[in-house]
Amino acid sequence: MLGFELGLLELFVSVLGVGIGIIFGALPGMTATMAIAIFLPLTYAYELHTSLFLLLGLYVGGISGGLIPAILINIPGTPSSVTTGFDGHPMAKRGEGVRALRIGITASLMGGLISLVVLWLFTPVLASVAIKFSAVEKFLIILFAMTVIAALSKGSMTKGIFAGFLGVFIALMGVFPDNQTIRLVPDMFRIGLRDGFQLLPVLIGLFAFSQLFQESEMGMKQAIVKQDMTKRDQTAKFSIKDFKGNFINVLRSASIGTFMGILPGIGGSAASLLAYSQTKNFSKDPDKLGTGAVEGLISSEAANNGLTGGALVPLLSLGIPGDSTTAVLVGAFMLQGVQVGPLFITQNPDLWKTILFGLLVANIFMFIGMFYPIKYIANIIKIPKNRLYPAIILLCVVGAFSARSGNMVDVITLVIFGLIGYFFTKLKVPVTTFLIGFILGRDLEKYFVDSLKGSAGSFSVFFSRPIGNFIWVLIALSLAYAYYDNRKFQKKSRTMK
Amino acid sequence: MLDFKLPIVYSTSHTVMPKIIFGVLVFLGVILFIQYVMKTRKEGGRLFSLKGKRFFEENYDRVKLFGTVVILFGFIVFMKPLGFILASIIFISLFNILYAGKFGKKDLLLSIGISVVETMTVWFVFGYLFDITLP
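For the protein sequence lines, the chains are P and L, in the order given. The opening residue of the first sequence carries number 27 in the numbering used here; numbering runs sequentially from there. The opening residue of the second sequence carries number 210 in the numbering used here; numbering runs sequentially from there.
Check the hints yourself; a few may be wrong.
[Stated by the list, open to error] Think about it this way: if two alpha-carbon atoms lie no more than 20 Å apart in a straight line, the pair counts; the simulated SDA-like pairs of lysine to any residue are:
| id | chain 1 | residue 1 | chain 2 | residue 2 |
| --- | --- | --- | --- | --- |
| 1 | P | K452 | L | K248 |
| 2 | P | K472 | L | K228 |
| 3 | L | K228 | P | P212 |
| 4 | P | K517 | L | I243 |
| 5 | L | K311 | P | M244 |
| 6 | P | K517 | L | K251 |
| 7 | L | K251 | P | I46 |
| 8 | L | K311 | P | T521 |
| 9 | L | K311 | P | Q248 |
| 10 | P | K185 | L | F264 |
| 11 | P | K247 | L | K311 |
| 12 | L | K214 | P | G45 |
| 13 | P | K454 | L | F265 |
| 14 | P | K247 | L | A309 |
| 15 | P | K247 | L | R271 |
| 16 | P | K518 | L | K251 |
| 17 | P | K408 | L | D316 |
| 18 | P | K411 | L | L307 |
| 19 | P | K247 | L | F312 |
| 20 | P | K185 | L | D316 |
| 21 | P | K411 | L | L291 |
| 22 | L | K273 | P | M244 |
| 23 | P | K411 | L | K228 |
| 24 | L | K311 | P | G245 |
| 25 | P | K479 | L | T221 |
| 26 | P | K514 | L | V272 |
| 27 | L | K311 | P | P410 |
| 28 | L | K248 | P | T521 |
| 29 | P | K158 | P | K517 |
| 30 | L | K251 | P | N512 |
| 31 | L | K228 | P | F485 |
| 32 | P | K472 | L | Y219 |
| 33 | P | K185 | L | F236 |
| 34 | L | K289 | P | I442 |
| 35 | P | K185 | P | L505 |
| 36 | P | K472 | L | F231 |
Source of the hints: derived by calculation from the structure; they are not laboratory data.
Generate coordinates for the entire structure from the input sequences, incorporating the hints supplied.
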């Protein structure tokens, strides 16, 4: 009936994923991306469809967990819950901590479900367009994805583009499949780096180890919990009436989150900020927002969970990851030898159903697992980081080592890219652009070379197809927007100084 | 219309894309440099001075940051000769001790205890249950 297996194992790993995801989401400095990167190696042990339940659970849990510290200590647990604290924390301060948490969790569930519907309806449509793409359009769509991502690296557009192309360059290291010639690899590393750097250690390095270096630089300090906001006497209780009059708000915020997710590279913080500002625009009394208004809290959480389904749309229809977390998910597919792209749904109908169902299950588990025991779950923020990081190091090293069943080169890759990620953050170079360049670099080359082969080397081929020309227009538009937005941002930050 | 041509020759086809990307990187690098020069001019600073610039956070934790790098390096070097279990217990203990920052007897024992349990769990789950290759 379902078209795929659903046993106890799948449900178990989904619960496990959601649980671990919530922990990562709730600890400031640890993200959903990091959780997925660390647990990727574990997916070797399972089939792809079982591991998808785990990974989607980590994704949903990781995005949702961020609301706990945002509300209780006004520190967002993940970037996507920045706006949650605006109204959630004031509520907690006046003794409505549990109510705020429960409203946030319910809004998260709604956002997740709405985005799931969009994913279900929208992906096949986009894929059916993309299926007609030739090498030219495939090349251009990757170029487009890279410009959009760079366009959104606020105030550092050139750095973003540079990082993207650097990622491409590093992806090109190793053997070129057409003529089996190794390039860009120094002679002494010929054997270890024949196929270039492996995706898995690069991912774990960029997202887990770089964070490790940053945290150790800051001395692994714990966020201070001054008083327990959930144990105090509660002045107001959660009731479903809290959502009365917020129907449009939920729908609008979740849609904003979802569609921001569909655009490559935007990420949760931008999505929830936009949804929050729109809620303020439409609100009857906008002055109340920021002082503990239920509206604002609902908007923020509906938007950031809306992102989960949205970010999967470009991944499953075009093969282009929507944010850094889905970029890590690409890794999971690649490691299992499954190609994501326009043909994904038609070639893997079972996996497609698994993804939809896995997301649904994860959202439900997230709700059940957080809503009722929230008073206990809130203690997650007290888990000491200095005891957690050594375990993470161990998991990362084991994961990298097993990437190609036992190769020290991959462990060294892990450390190198950990340092690269650390330096990038220091120099304010966006890591996501670099990663997406790295993931798409080989495809970019293949489609470019194939296009030129088909046209006997003539560059006019890139302007010869109607859909291709349309994508050129999109590229031009995104660059123009980027230039304008970049200017605006720089002016703004100058006046703020 | 102007028509550039770049015929793909089989024997050198592996160099086409790297050359282009390298060109793009140099071009972007120049732009970044020009932007940097213009910015420092505007602010009236000197071009290559490090004054007022800071790489590390203020009052950063030197011991933990460089300790992490050193212990990681040791972990990698000794992983093969010592074997996974022994090397992990030793180096994960070191990480625990470093991050805990307390050196009482109880703290040391706790750190070692944690790493023994973690190492054995990972070894059991990955190496034994899932049959994943460990160092």
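A quick look at each hint next to the structure:
| no. | hint | verdict |
| --- | --- | --- |
| 1 | P:K452 to L:K248 | holds, 19 Å |
| 2 | P:K472 to L:K228 | holds, 14 Å |
| 3 | L:K228 to P:P212 | holds, 16 Å |
| 4 | P:K517 to L:I243 | holds, 18 Å |
| 5 | L:K311 to P:M244 | holds, 17 Å |
| 6 | P:K517 to L:K251 | holds, 14 Å |
| 7 | L:K251 to P:I46 | violated, 49 Å |
| 8 | L:K311 to P:T521 | violated, 45 Å |
| 9 | L:K311 to P:Q248 | holds, 15 Å |
| 10 | P:K185 to L:F264 | holds, 18 Å |
| 11 | P:K247 to L:K311 | holds, 14 Å |
| 12 | L:K214 to P:G45 | violated, 56 Å |
| 13 | P:K454 to L:F265 | holds, 13 Å |
| 14 | P:K247 to L:A309 | holds, 10 Å |
| 15 | P:K247 to L:R271 | holds, 14 Å |
| 16 | P:K518 to L:K251 | holds, 16 Å |
| 17 | P:K408 to L:D316 | holds, 19 Å |
| 18 | P:K411 to L:L307 | holds, 12 Å |
| 19 | P:K247 to L:F312 | holds, 17 Å |
| 20 | P:K185 to L:D316 | violated, 45 Å |
| 21 | P:K411 to L:L291 | violated, 28 Å |
| 22 | L:K273 to P:M244 | holds, 8 Å |
| 23 | P:K411 to L:K228 | violated, 45 Å |
| 24 | L:K311 to P:G245 | holds, 13 Å |
| 25 | P:K479 to L:T221 | holds, 13 Å |
| 26 | P:K514 to L:V272 | violated, 41 Å |
| 27 | L:K311 to P:P410 | holds, 14 Å |
| 28 | L:K248 to P:T521 | holds, 15 Å |
| 29 | P:K158 to P:K517 | violated, 43 Å |
| 30 | L:K251 to P:N512 | holds, 18 Å |
| 31 | L:K228 to P:F485 | holds, 16 Å |
| 32 | P:K472 to L:Y219 | holds, 14 Å |
| 33 | P:K185 to L:F236 | holds, 12 Å |
| 34 | L:K289 to P:I442 | holds, 19 Å |
| 35 | P:K185 to P:L505 | holds, 14 Å |
| 36 | P:K472 to L:F231 | holds, 17 Å |
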